[in-house]
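A.B. asks: Sequences and hints are given; from them, build the entire structure.
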Amino acid sequence: MDDTTFLLALSGMLFALGLVGVIVRRNLLVMLMFLELMLNGVILSLVVFTQMLGAEAGAVLVFLVFVVAAAEIAIAVPILLLLVRTGRTLDPGAYAGLKG
Amino acid sequence: MTIETVFLMVFALGSLTGAVAMFFLRHPMRVALALIGTMVSLAAIYAQLGMHVIAVFQVLVYVGAVMVFMIYAIMLLDVRDRSFTERFSPLLVAGLAGLLLLLGVLIDGLLRGQPFPAVDVPPDAFSVSTFAIVFMEQFWVYFALTAVLLLVAEIAASAVIDIRRRGQDVAAVRAERGDDHG
Amino acid sequence: MNGLLTLLVLLPLAGFLVNGLLGRRLGPVFVNVVGVGLPLAAFGVAVWAWRILEAGGGEPLIETVFTWALVGEHVFEVSFYLDRLSAVMALIVTGVGALIHIYSIGYMKGDESYARYFAYLNLFLFFMLLLVLGRSLLVLFVGWEGVGLASYLLIGFWFQDVDKARAGRKAFITNRVGDAGFLLGMFLIFTAVGTLEMDQINEAFAGGLIPVGIATAAGILLFIGATGKSAQIPLHVWLPDAMAGPTPVSALIHAATMVTAGVYLVARMSGVYLEAPAASTLIAVIGLLTAFLAATIALVQTDIKKVLAYSTISQLGFMFLALGVGAYAVAVFHLFTHAFFKAALFLGAGSVIHALNGEQDIRRMGGLSRRIPWTSGTFLVATAAIAGLPPLAGFFSKDEILWFALASGQGGAFWLWLLGSVTAFLTALYMFRLYWLVFLGRSRMAPEVAEHVHESPWPMTSVLVVLAVFSVIAGWFALPQYLAPLLPAPDLRFDWPILHWALIVFAVLVAVAGLVAAGVLYGNGGRRAEAIERRFARLYRVLAGKYYVDEIYERLLQRPWLWISDRVFLRLGDRILLDGSLHGLAALARRGAEVLARVQTGSLHWYAWMTLLGLVAVLIWMWRYV
Numbered sequence: 002m003d004d005t006t007f008l009l010a011l012s013g014m015l016f017a018l019g020l021v022g023v024i025v026r027r028n029l030l031v032m033l034m035f036l037e038l039m040l041n042g043v044i045l046s047l048v049v050f051t052q053m054l055g056a057e058a059g060a061v062l063v064f065l066v067f068v069v070a071a072a073e074i075a076i077a078v079p080i081l082l083l084l085v086r087t088g089r090t091l092d093p094g095a096y097a098g099l100k101g
Numbered sequence: 116m117t118i119e120t121v122f123l124m125v126f127a128l129g130s131l132t133g134a135v136a137m138f139f140l141r142h143p144m145r146v147a148l149a150l151i152g153t154m155v156s157l158a159a160i161y162a163q164l165g166m167h168v169i170a171v172f173q174v175l176v177y178v179g180a181v182m183v184f185m186i187y188a189i190m191l192l193d194v195r196d197r198s199f200t201e202r203f204s205p206l207l208v209a210g211l212a213g214l215l216l217l218l219g220v221l222i223d224g225l226l227r228g229q230p231f232p233a234v235d236v237p238p239d240a241f242s243v244s245t246f247a248i249v250f251m252e253q254f255w256v257y258f259a260l261t262a263v264l265l266l267v268a269e270i271a272a273s274a275v276i277d278i279r280r281r282g283q284d285v286a287a288v289r290a291e292r293g294d295d296h297g
Numbered sequence: 013m014n015g016l017l018t019l020l021v022l023l024p025l026a027g028f029l030v031n032g033l034l035g036r037r038l039g040p041v042f043v044n045v046v047g048v049g050l051p052l053a054a055f056g057v058a059v060w061a062w063r064i065l066e067a068g069g070g071e072p073l074i075e076t077v078f079t080w081a082l083v084g085e086h087v088f089e090v091s092f093y094l095d096r097l098s099a100v101m102a103l104i105v106t107g108v109g110a111l112i113h114i115y116s117i118g119y120m121k122g123d124e125s126y127a128r129y130f131a132y133l134n135l136f137l138f139f140m141l142l143l144v145l146g147r148s149l150l151v152l153f154v155g156w157e158g159v160g161l162a163s164y165l166l167i168g169f170w171f172q173d174v175d176k177a178r179a180g181r182k183a184f185i186t187n188r189v190g191d192a193g194f195l196l197g198m199f200l201i202f203t204a205v206g207t208l209e210m211d212q213i214n215e216a217f218a219g220g221l222i223p224v225g226i227a228t229a230a231g232i233l234l235f236i237g238a239t240g241k242s243a244q245i246p247l248h249v250w251l252p253d254a255m256a257g258p259t260p261v262s263a264l265i266h267a268a269t270m271v272t273a274g275v276y277l278v279a280r281m282s283g284v285y286l287e288a289p290a291a292s293t294l295i296a297v298i299g300l301l302t303a304f305l306a307a308t309i310a311l312v313q314t315d316i317k318k319v320l321a322y323s324t325i326s327q328l329g330f331m332f333l334a335l336g337v338g339a340y341a342v343a344v345f346h347l348f349t350h351a352f353f354k355a356a357l358f359l360g361a362g363s364v365i366h367a368l369n370g371e372q373d374i375r376r377m378g379g380l381s382r383r384i385p386w387t388s389g390t391f392l393v394a395t396a397a398i399a400g401l402p403p404l405a406g407f408f409s410k411d412e413i414l415w416f417a418l419a420s421g422q423g424g425a426f427w428l429w430l431l432g433s434v435t436a437f438l439t440a441l442y443m444f445r446l447y448w449l450v451f452l453g454r455s456r457m458a459p460e461v462a463e464h465v466h467e468s469p470w471p472m473t474s475v476l477v478v479l480a481v482f483s484v485i486a487g488w489f490a491l492p493q494y495l496a497p498l499l500p501a502p503d504l505r506f507d508w509p510i511l512h513w514a515l516i517v518f519a520v521l522v523a524v525a526g527l528v529a530a531g532v533l534y535g536n537g538g539r540r541a542e543a544i545e546r547r548f549a550r551l552y553r554v555l556a557g558k559y560y561v562d563e564i565y566e567r568l569l570q571r572p573w574l575w576i577s578d579r580v581f582l583r584l585g586d587r588i589l590l591d592g593s594l595h596g597l598a599a600l601a602r603r604g605a606e607v608l609a610r611v612q613t614g615s616l617h618w619y620a621w622m623t624l625l626g627l628v629a630v631l632i633w634m635w636r637y638v
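Which chain is which? The protein sequence lines are P, W and Z, in order. Numbers in my numbering are just positions in the first sequence, counted from 1, shifted up by 1. Numbers in my numbering are just positions in the second sequence, counted from 1, shifted up by 115. Numbers in my numbering are just positions in the third sequence, counted from 1, shifted up by 12.
Keep in mind that the hints were calculated from the coordinates and are not lab data. Glycine included, C-beta positions come from ideal geometry on N, C-alpha and C. Any given hint could be a false lead.
Said to hold, decoys possible - Ranges between beta-carbon positions, derived for each pair:
id	chain 1	residue 1	chain 2	residue 2	range
1	P	Val69	W	Leu128	53 to 59 Å
2	P	Val69	Z	Gly585	57 to 63 Å
3	W	Glu252	Z	Leu608	48 to 54 Å
4	W	Glu119	Z	Val607	53 to 59 Å
5	P	Gly88	Z	Gly585	54 to 60 Å
6	W	Ala274	Z	Gly585	29 to 35 Å
7	W	Val267	P	Gly88	26 to 32 Å
8	P	Gly88	W	Phe258	33 to 39 Å
9	P	Ala95	W	Ala180	49 to 55 Å
10	W	Phe122	P	Ala97	44 to 50 Å
11	Z	Val607	W	Phe139	36 to 42 Å
12	W	Glu119	Z	Leu608	50 to 56 Å
Claimed, not checked - Which bits of chain P does chain Z cover? Going by a derived footprint, with three or more residues having C-beta under 8 Å, they are:
id	stretch
13	70 to 80
14	85 to 99
What the hints assert, rightly or not - Listing some non-contacts, in silico: residues in chain W with all C-beta distances to chain Z over 10 Å:
id	residue
15	Val135
16	Phe138
17	Asp235
18	Trp255
19	Leu260
C.D. replies: Okay, structure coming up:
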């Protein structure tokens, strides 16, 4: 197994762990952090491919993912603050009524 | 086994450890610290691969901005409720089964995949100066657009909070008056 | 002048639009100015166009308005065609039409839908002019359908009354049957000749290149259309019911103009019928039978307007008799005279109804001649005209028809003349019966009605006087000779002037006999007539039941059709097949949605887990197949 395959496997594992973390953890803040973990897994695979093919566009894409991640967290956290202000809990099960 | 591979192994193990630790730690603050560990390890891997720019921004943006914001939120919302006492959701078993399934499929795909044809990459391809030139010449429009989107998102977030607050004020006034039929 | 015919056609349309859109808001004075002024203007334009036509020596004026459709090499144009025949028709339509518009001012006064009435009446004029002036069968057909529509709207003008609305529907549906024949005839002619311009069709048929079979079929099909519009047997049933409309409408549409459209059609397509002797014979026989049977029914009717309606059917039968024996110009002549005296009769009847505050039953009238002298006088003139007393209008035209029924080389026969003469006698009999029962004798009115009898206002009486004058003089125009270049008289089997004179004397005697018979039977309060009724009770019932044609239609057509509609189309087709399948689909969608809605629990964890499953599925599929 060469380095590339190894790093891609690591990227896949991080992504899978992130997704499953969203499923199994109960705390909303922790779930958000698992989302960040998923993004990190994706970035790792992007970086590996970029390095392998020598394409600058890949690096730019990584940058864009950084920005998107920052935007995501900048919106998600205020929403969370509002939720907790009304519901007084970080348990997503308490907000199941929001399905409409 | 070269020294580079050894370093890669070490940092990979570090990031994986951090990710797994996130599952079991109860307090969100500790989870955040484990995540920071994972991120720093990843940054080290990027540096190892010669992508210094990205490694630097991984630390700057993720650890420096995102996670600091996150920790700020954690400190603000220090609630000890069910989400704190019961770590895992009802879907724990199903989630773990899903983990095995997903990992199996991913590894299966990885093993089946053809090896990539190697491309000659000049050693300074991802140096700061090369990257900066390419970035500012070819991709700045997209980046500017993303920045605008980011700005819009921030405005939207603050607007949401503002509307919500005003609505609460109106509701409070109504409750005081005692004509709560809206 | 160019554009004159277009202007003529568009003037009533403008009246319809203005009155229909604005009339209600701008009040009755405005409605009068527009609704009566524009038909009068149209009459002026028609006279003007006629003078131009005459200045050109009868050379037809052709005006192309626009090209309707271009299909392959065939061009379908909307163009107007004015020759002597359509000029006569246009003058009748606009002239009588304008008079009846004036009359309507008095008759419809105070009706809550005053503007709508005039809008419809103008719409009728527009379509009638389209029918008369169209050069192509296609334009004629548009007008043909249009007058049907206007007729429907005006029969059901007081649609709050269910019976009246139903009468309108009956007229419309009965006419559809005829229209199907018209359309088929049109298609056949187009296949045979390749054009729908009527002058070219006539030329093509006159050229003798079209087989007799096609000419006969086309002639019969077009005649089926004519029987619908002109209320000939077996499609005559709608006209008596059409009397549900306002009386001026009955006068204009259901006596003077629209119902003569069938006569006009056959005269216009005379080129086809000259090549189709069998079709012509059929027309003559149907026309004569209609004339005779309608006259017998008219003898026993008790509604003043129904008597006139059957009289109209009978007179239209006379016109078709003339058409059938090849005397096209004579048919148009009778159409021309009939327009005046029948309009006068209907408007007079309207005046009577107006005076009696809505009473239409002649058994509750009588002795009105002193109370409403103008109406009575004009009615008498028109009655004498339709009965055929010289020197009034009906005498000339009816005499010509009977002469050609006997002497025409194109199907004239003794029995046609004989039955025609009997019908003429019946005509005189039922018309004078009507006059006697309404205007002479003792009053049988209810006292409270009798008190309020009043002569109609001047817009009505003046129109009556004008029409009565024309009922006298209309026969003095030598219309057949005027139209001869266009519609030459048929060859005669025998040209004996003595016989012609003898027939004329005989016809006058017949009319006088009718008058005398009416006087004898009904002069004494109708006691002798009642005795005859009692003796021939069965015959009387058949006549009063109008030969039970409506009932036969109901048995043979209406009930089976209702059954099929109900069982096959409604219950099986609509409720089971259509509704069933649609409701089934809707239920399927609802059940499916109910099942799928359970997936949406509101739990984030559950959603994320579904995402994971989907991701795994995509990955497997990708690695297997991409």
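A.B. asks: Determine for every hint whether it applies to the structure shown.
C.D. replies: Status of the hints after comparison with the structure:
no., hint, in the structure
1, P:Val69 x W:Leu128: 53 to 59 Å, "28 Å, violated"
2, P:Val69 x Z:Gly585: 57 to 63 Å, "58 Å, holds"
3, W:Glu252 x Z:Leu608: 48 to 54 Å, "50 Å, holds"
4, W:Glu119 x Z:Val607: 53 to 59 Å, "55 Å, holds"
5, P:Gly88 x Z:Gly585: 54 to 60 Å, "57 Å, holds"
6, W:Ala274 x Z:Gly585: 29 to 35 Å, "57 Å, violated"
7, W:Val267 x P:Gly88: 26 to 32 Å, "27 Å, holds"
8, P:Gly88 x W:Phe258: 33 to 39 Å, "37 Å, holds"
9, P:Ala95 x W:Ala180: 49 to 55 Å, "29 Å, violated"
10, W:Phe122 x P:Ala97: 44 to 50 Å, "46 Å, holds"
11, Z:Val607 x W:Phe139: 36 to 42 Å, "37 Å, holds"
12, W:Glu119 x Z:Leu608: 50 to 56 Å, "52 Å, holds"
13, 70 to 80, "violated (count 0)"
14, 85 to 99, "holds (count 6)"
15, Val135, "18 Å, holds"
16, Phe138, "14 Å, holds"
17, Asp235, "28 Å, holds"
18, Trp255, "34 Å, holds"
19, Leu260, "28 Å, holds"
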